[in-house]
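Add chain Z to chain P, keeping to what the hints say.
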Amino acid sequence: VMMPGTAVSDPDDDSLTINGEISIVTEVEAPAHAENLSTIYSGWRFRSDETQAFQMDDFDNPGMIGVENAMVNWETVDGTEGKSCESCHGAPEDMAGVRAVYPKWNEDKGKVTTLEMEVNNCRETRMGAEKWKYTGGDMTDMVALISSVSRGMPVDVAIDGPAKATWEQGKELYYTRTGQLELSCANCHEDSYGMMIRADHLSQGQINGFPTYRLKNTKLNSVHARFKGCVRDTRAETYKPGSPEFVALELYVATRGNGLSVEGPSVRN
Amino acid sequence: MKHLIIGFTAMLTASTAFAEAVKPTDVVFVDGAVETSLSGVAGDPAVGAEIMNKGAGNCIACHQVSALSHLAFHGEIGPPLDGVADRWTVPELRGIVANAKVMFDGSLMPSFYRTEGFIRLGDAYTGEAHGGGEVQPLLTAQQVEDVVAFLVTLKEQ
Chain P
3 VMMPGTAVSD
13 PDDDSLTING
23 EISIVTEVEA
33 PAHAENLSTI
43 YSGWRFRSDE
53 TQAFQMDDFD
63 NPGMIGVENA
73 MVNWETVDGT
83 EGKSCESCHG
93 APEDMAGVRA
103 VYPKWNEDKG
113 KVTTLEMEVN
123 NCRETRMGAE
133 KWKYTGGDMT
143 DMVALISSVS
153 RGMPVDVAID
163 GPAKATWEQG
173 KELYYTRTGQ
183 LELSCANCHE
193 DSYGMMIRAD
203 HLSQGQINGF
213 PTYRLKNTKL
223 NSVHARFKGC
233 VRDTRAETYK
243 PGSPEFVALE
253 LYVATRGNGL
263 SVEGPSVRN
Chain Z
9 MKHLIIGFTA
19 MLTASTAFAE
29 AVKPTDVVFV
39 DGAVETSLSG
49 VAGDPAVGAE
59 IMNKGAGNCI
69 ACHQVSALSH
79 LAFHGEIGPP
89 LDGVADRWTV
99 PELRGIVANA
109 KVMFDGSLMP
119 SFYRTEGFIR
129 LGDAYTGEAH
139 GGGEVQPLLT
149 AQQVEDVVAF
159 LVTLKEQ
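Chains as they are written, first to last, in our numbering: chain P, 3 to 271; chain Z, 9 to 165.
Where hints are given, some of them may not hold.
Here are the simulated DSS-like pairs of lysine-lysine, each with C-alpha atoms no more than 30 Å apart in a straight line [stated by the list, open to error]:
#1 Lys242/P to Lys166/P
#2 Lys62/Z to Lys230/P
#3 Lys62/Z to Lys218/P
Which chain Z residues stay away from chain P? Per the calculated CB distances, all over 12 Å, these [to be verified]:
#4 Asp34
#5 Ala50
#6 Asp52
#7 Gln72
#8 Thr134
Derived CB-CB ranges, DEER-like [claimed, not checked]:
#9 Lys113/P to Ala50/Z: 57 to 65 Å
#10 Thr41/P to Gln72/Z: 21 to 29 Å
#11 Ser89/P to Phe81/Z: 45 to 53 Å
#12 Tyr133/Z to Gly84/P: 43 to 51 Å
#13 Glu164/Z to Thr53/P: 32 to 40 Å
#14 Gly114/Z to Asn219/P: 49 to 57 Å
None of these hints come from the bench; they were simulated from the model.
As the structure is a computational prediction, the values presented were derived from the model and not from experiment.
Virtual Cβ for every residue (Gly too), placed ideally from N, Cα, C.
So here's chain P without its partners, still in its complex pose:
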């Protein structure tokens, strides 16, 4: 009876500075709660030099088109209250630091919320506007804008306090082997990162780079859309974007990346 092999991790040695000024931490000691990892890496380190290059300058980063689109929405009045995001939040730059701490416990709602949930909450209850589709273009562009102003800041998502139960639920989901292929997130992104699975070089599945512009589908992709794709690939019934399960999973996965820099919008294949 053979024993499973141990993971040979081989992210490359490149380092990332965006626009020659924002330096990005793509490798750092793993936080203690990521029990089975000693070092955490951004997904950027597992991509080819060509793909990496797209992210080094905003003029080459196709994800920045989404950021520009969101800038228009930011200042555009929508809904019955006659307000735009700008009316209350000022410049997008005033959101610096927000991406780094989400998902986060929301005292009013009594639950952990994601950036998408916060945006829709403002749209519906504060602007009197229609909510955006959770993984839709307007929403993902807006999350990209909010992320972009936090680039270079360390991900610092809280585990303790009232978020703890949700975090535990996310951890449970991370290690559950789903679908007919019976693979968990951990099987691919913890046990096998650095290895090839068919044509794909497996990363640690970190979400510090979200939203990610994927060369494969030529658009910005949200965290839950990516989760959905990965679960589907195990021949499983996925959870829905925005569902409590995916919110919990996002919280857990985000904390596995505590210490990496916020990188979104990033570029991946």
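Frame of chain P, contents of chain Z only:
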């Protein structure tokens, strides 16, 4: 005449049983190995080689196989399969392909001839729930035999 009929029926039953596949739930494993053919029909190594590269087989997603080096992108999750027939007997290879988790506890390798015990079983790669009809194994009994017939050709000694 009566004897003749009984004899004829017995023959029919025997040959039907022989050609009928062993159900996924009826496969008998002994130390991870499966002694008898699942389909009762000899496997075709050429068909097996194709299954290694496509559909629900796609073994090279995880394994390198030098004999299939004309195909692009071999994965690294499992060990290279070169010389695998020197390491394992036919019943062992059949057991590994049918349900590797019996041979290798907790293996990352999917169980290709199993239909029970899944969590959130989907409808293939749609992301939707499995409809509730009969669950089909990833590979049919004959496809398992075809893959095993191909693996048997992977000898180095």
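Evaluated hints:
For the hint pairing lysine 242/P with lysine 166/P, the CA-to-CA distance comes to about 22 Å; that is within 30 Å, so the pair holds. Under the criterion of a C-alpha separation no larger than 30 Å, the hint pairing lysine 62/Z with lysine 230/P is consistent with the structure, at around 23 Å. For the hint pairing lysine 62/Z with lysine 218/P, the CA-to-CA distance comes to about 21 Å; that is within 30 Å, so the pair holds. For aspartate 34/Z, the requirement that its beta carbon stay farther than 12 Å from each beta carbon of chain P is met, with the minimum near 19 Å.
Distance to chain P confirms alanine 50/Z as a non-interface residue, since its nearest Cβ pair spans about 27 Å, more than 12 Å. For aspartate 52/Z, the non-interface assignment is confirmed: its Cβ lies about 24 Å from the closest Cβ of chain P, beyond the 12 Å cut-off. A cut-off of 12 Å between C-beta atoms contradicts the statement that glutamine 72/Z is not in contact with chain P; the least separation is 9 Å. Once the 12 Å rule is applied to beta carbons, threonine 134/Z is inconsistent with being away from chain P; the minimum gap is 7 Å.
At about 59 Å, the CB distance of lysine 113/P to alanine 50/Z agrees with the hint of 57 to 65 Å. A hinted range of 21 to 29 Å holds for the C-beta pair threonine 41/P and glutamine 72/Z, which are about 26 Å apart. Against the hinted window of 45 to 53 Å, the Cβ-Cβ separation of serine 89/P and phenylalanine 81/Z comes to about 51 Å, which satisfies the hint. The hinted range of 43 to 51 Å is satisfied by tyrosine 133/Z and glycine 84/P, whose Cβ atoms lie roughly 46 Å apart.
Distance hint check for glutamate 164/Z and threonine 53/P: the Cβ-Cβ separation is about 37 Å, which falls inside the suggested range of 32 to 40 Å. Glycine 114/Z and asparagine 219/P have their C-beta atoms about 34 Å apart, which leaves the hinted 49 to 57 Å range violated.
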